[in-house]
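Participant: Sequence order for the protein chains is A and B.
Each residue of the first sequence is one higher than the one before, counting from 1 in this note's numbering.
Each residue of the second sequence is one higher than the one before, counting from 1 in this note's numbering.
None of these hints come from the bench; they were simulated from the model.
A hint or two may mislead.
Unchecked claim - Covered, in the sense of this in silico footprint (three residues per stretch, anywhere, with C-beta under 8 Å from a C-beta of chain B), are these stretches of chain A:
| # | segment |
| --- | --- |
| 1 | 152–164 |
| 2 | 186–194 |
| 3 | 225–234 |
All C-beta atoms in this analysis are idealised placements derived from N, C-alpha and C, irrespective of residue type, glycine included.
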Amino acid sequence: MNARAAIAQEPLRHEVESLPVLFAKWLVYGAAVVLYLLPLATEQAIGASIGALAVGMLLARFAHTRALRLPVTLVLAGLCVLLAFVAGQWLLDTSTGFGSRLTLILSDAVFFSLLSLGMIVALRSLSMRARVFSVLEVAFVVGAVAYTFVGHRNHMIHRPRFLSDWAWSNGWDPQMLLQAFGVVAVLASLVMLLRVQSVFKLILSALTLLLVAALFFLYAKDVRIDQDVDTNGLGLTDQEQKDKGDKGRGGQDGDGDGNGGGVNQDNPYNTPSSAPDIVVPVAIAVFHDDYEPKGGLYYFRQQVLSRYNGHHLVVAGSDTDQDVITEFPQNETLSAEPVQVMDAHLQVPTSMFLLVDHPQPLALTNSVSVSPLENPNPRHFVSAYGVVSYTLSMDYDRLLGRRSIPDSWAPEKKAHYLELPDDPRYKALSDIIVRDLDPRFAQDDVMKAFAIKRYLEKQGFYTRKENHEDAVDPAADFLFGSMRGYCVHFAHAATFLFRSQGIAARVALGYAVDNQYRTGGSTVMILNDRAHAWPEIFIEGVGWITFDIYPEQSDEPPGRIVDQDLESVLGELARNDKTAGKAADPDSKPLEIPWRAIWLGFLVALAAFLALAYLIKAFRRLMRFGSAFKVQRRIFVATLDGLGDLGFIREEGETRERYARRLQDLSPSLAGLTDAHLAWAFGSASRPDLEQTRALSRKVREELAKNLPLWRRVAGWINPVGWWFTR
Amino acid sequence: MLLEVAEPVWGFFPLSLAGLMAFSLGYAAFVFFGKAESDYVLYAAGLIAMGIVAVDLFFVFLGFLWLLFSIRHRADEQPLEGQLDAGTELATGFSLPTFVLWPFVEASMKWKQPHNVEVRLVSKGWRRRELITPTERGRIQEIRRTFKVHDIFGIASISFSKRWPAALRIAPQLSLLEAAIALRDTSGDGYSHPSGKEEGELIEMRRYSPGDPLRLVLWKTFARTRRLLVRKPERAIAPQRSTMAFLVAGRADEASASTARTFLERGLLGPEFTFSADGAHSTFKTPRESVEAIIDSAHYRHDGGKGLNILIADMDLAAPGNCILFVPSSLGDWFDRVADFSRRTPQPPTLIIGVDGVLHEAKATVARRVLRRSTTATQRLSSLPALYDKLASLGGPIHIVHRPSGKLIGPVDIDALRAL
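Extracted from the complex, chain A is given alone in its bound form (with noise of 0.2 Å):
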């Protein structure tokens, strides 16, 4: 039969990885399991794992060779799958008489291996037939990094604590550690992508990749992630406003030329009907004093909506408002106009550190003052200023009997903030609610403005389920209504009643943060879910004072509590503590990788590596001991590893002859000594004595020595691992 003949009657040749490839597979599988199954499974269920794993790479490997058609090969993995959920249940169910520990384990182990087993048979599998599946080899290796730390997510720092509190501890931040962890997930992953390459390609392709790596660890290992918040839909970031300002309604509103944006003043009643999904930290305030507010709300103000557009309040412009502080200090202390009272206000310094980007500053109401600070972990903070703020000292009942309007007001401006829709009905309803007081405080404006507040609390009903968007006038859709809404229809409805009764007022935006949510201390933790809106009012000879509603009645779950963790974690980072208050001493200095060490190490894993490879060529090379069919052999293999450490190597699929052949013109005796070999492995009656092999063998070696170059020799006999490439 001639060789094409041969070739015709071949199987076709599956490309399958070659086993060291396969070893790299399963090492990295193997790490990928131990991460996905520390959480839930015992140590021997996790070894019987990632011996299942071995098993299934064999057997995918088998199965792809002996030409199993993959539609089976995948319903045998999910049999496999579903024997794993019976047999785990069975054992559980089942007197084993190994008693419950053991019978645990057992279950366990027996569970998780087939499960283990089922997974790598299906991916294996189609992993071979079509390359485009290795890629969910990658995801599932990276899922598995992914899955071990998903607890830091949305700003989460203080978690996996396993790392965390080990990371701080020692001075590192969890989140450069955090990438380090993806970008070495992603490079072992690529081994997924593997099939069969030289071995000097790949080490120059891992070293490029490494190089790669390297220089986008240094690029991003300070990226701080700007994620997208939502701010219970009142548009308080910067990233919300972009988003508006993408989809062509962002702006101002009417003709305002307004101050700087930032809320969302298209249309506040356009928010979702629940609260925000994702809860994540969006700014930290540090007390420099102890406080606490009265009223158990602490009032962080970004933003007040005064003017009537028609619809609903949006930003003033420029020369309204002045009490409020719209631009982030630079270099210097920004100052806000002075209607605040100072005999009626405590004076609270605070420093504020945002971690998400806001178009304007936070502050404690009423802040009179805005000064720079330096950001003291620019990975985490976007932002840090201090801030001075005036809040409310006296009790509300002292503030019976103020106007609220002074007589000092020009016209225009008390217009401004007595403006409302024209509809009658709000001037009637307030007029109701404000008939049945007292006669003493018929005209007493602090007492009316109690009386609507007290209506709508008692009346209304918080709920997110509606918000009047579609209506002409959504404040009077809810107002006279069904009473039912959330803080912007009560802001909104609460400052025209207000107005109605010739009270000033103005919804103000920005976050209440409840007390009793929080752990204590002088650090408050500010979550995006709690964005809201409410009323001021203006009082003469006080200011503007906070005068939210609170609805008796609502279907809103209780605000979840704030993670103490988190909080002291941020808290001791604005106040530059690089440890985040993990270690003993936060001076103290971070871990050191011990790099003398490592090299150290390396250099003698690498003189251990060479000595031994020294010595398996020395002794593939040397020893003759053995029957005459032995040491035949073993001159022929000692001669292939010498070509083997020129570099010629007997390629995959070449014959003994072919690759004798292709030298003959390097050495001609190699042919000789080729045959001379497979006469001996034939047992042919003509094969040659070992003096002969002998002798062929030094032609070969003689004529390398004369038709190469000396430097090729010397490499040749530096070369450690020639070798391992003899076929």
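Use these hints to put chain B onto chain A, whose structure you have.
Facilitator: Only chain B this time, still in chain A's reference frame:
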């Protein structure tokens, strides 16, 4: 069809399906988890995955440019000339860069036109030399090589084609001689006499005398008549020494062409023969001309059997000699023309079919068919019984030569194949 048309454009799209998926997953991880949920692991993983795809693409694109540059000047080279047999390897002198010092990048090449050429690249120094092995006969006037620059991860690849002029004459591979000899001997009662004519099937008998070799005894005759007779060469009064032969071209005719060439070059058609093949405009009397006709017939597979008219015009219908038709191993339009030819000749021609494929295959049970996919590179012989039955209806003798083994496939083998 659509893919074939789009291939030149699609080939320049540098991302493979795996690359697209890797990039998409990386992007999804980066945007939907990294950015949307501040997942630092997936942020970095997604970004580095996209980065690796980009770097990979960059190197593959550079490799593509380098390959383009390194083969550009070869487009104007002298045409590749040569004469070789199908199944034999030829070093064309064309070579590719090895990309040995390039990270990620590898290059491969195959012949797109003609497609029936296997290409092997053997490294030598910094280049990889091209070795070709044609699998079918024919004349090649133009080569279209398809190059593919890709990465080791299967993420990126760019492929393109380039044409070169050529003048290659590829003769069909010679079949093994055993089958032809066995075929020659099938019409006798055992072995032909050593001193007999090459045709061998015409014999005379005489009584056995002591000293005659036992292998010349006609044992069947002895069994019938109890008389010991031995064979001796016939002394024919009007021996039919002339043989007319024809190669019918068609799909899967390469093995038959090989057999025809073997018959011609080994003299198995006798000292006097007339040969023709599809595509030829006349008949030929010499093996050299006949083999050229066989080579040319590769380009007339769509008109298989049309050339039989030339043969019949050359045939003496009053005193016909042996007539042999080498027919393809796959049914086609040629069958009706052969049937027509068979009706027009005084006696049906001998049909010889060359086949490739797995001769001894385990019975494909239902379970085997369901569980395992096809693994053989060559054709299966499962359709052979149908062809055999169809040709048998013409009434002439049929001989099937298994090219890889050189064995004859007889009726028993056909029945065995029928049972598979």
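Participant: Hint by hint, note whether the structure agrees.
Facilitator: How the hints compare with the structure:
1. With 4 residues bearing a CB less than 8 Å from a CB of chain B, the segment 152–164 of chain A meets the requirement of three and the coverage assertion stands.
2. For the segment 186–194 of chain A, the assignment as covered by chain B holds, since 5 residues bring a beta-carbon within under 8 Å of that chain's beta-carbons and 3 suffice.
3. With 4 residues having a beta carbon nearer than 8 Å to a beta carbon of chain B, the segment 225–234 of chain A meets the requirement of three or more and the stated coverage holds.
The earlier numbered hints are all upheld by this structure, with none contradicted.
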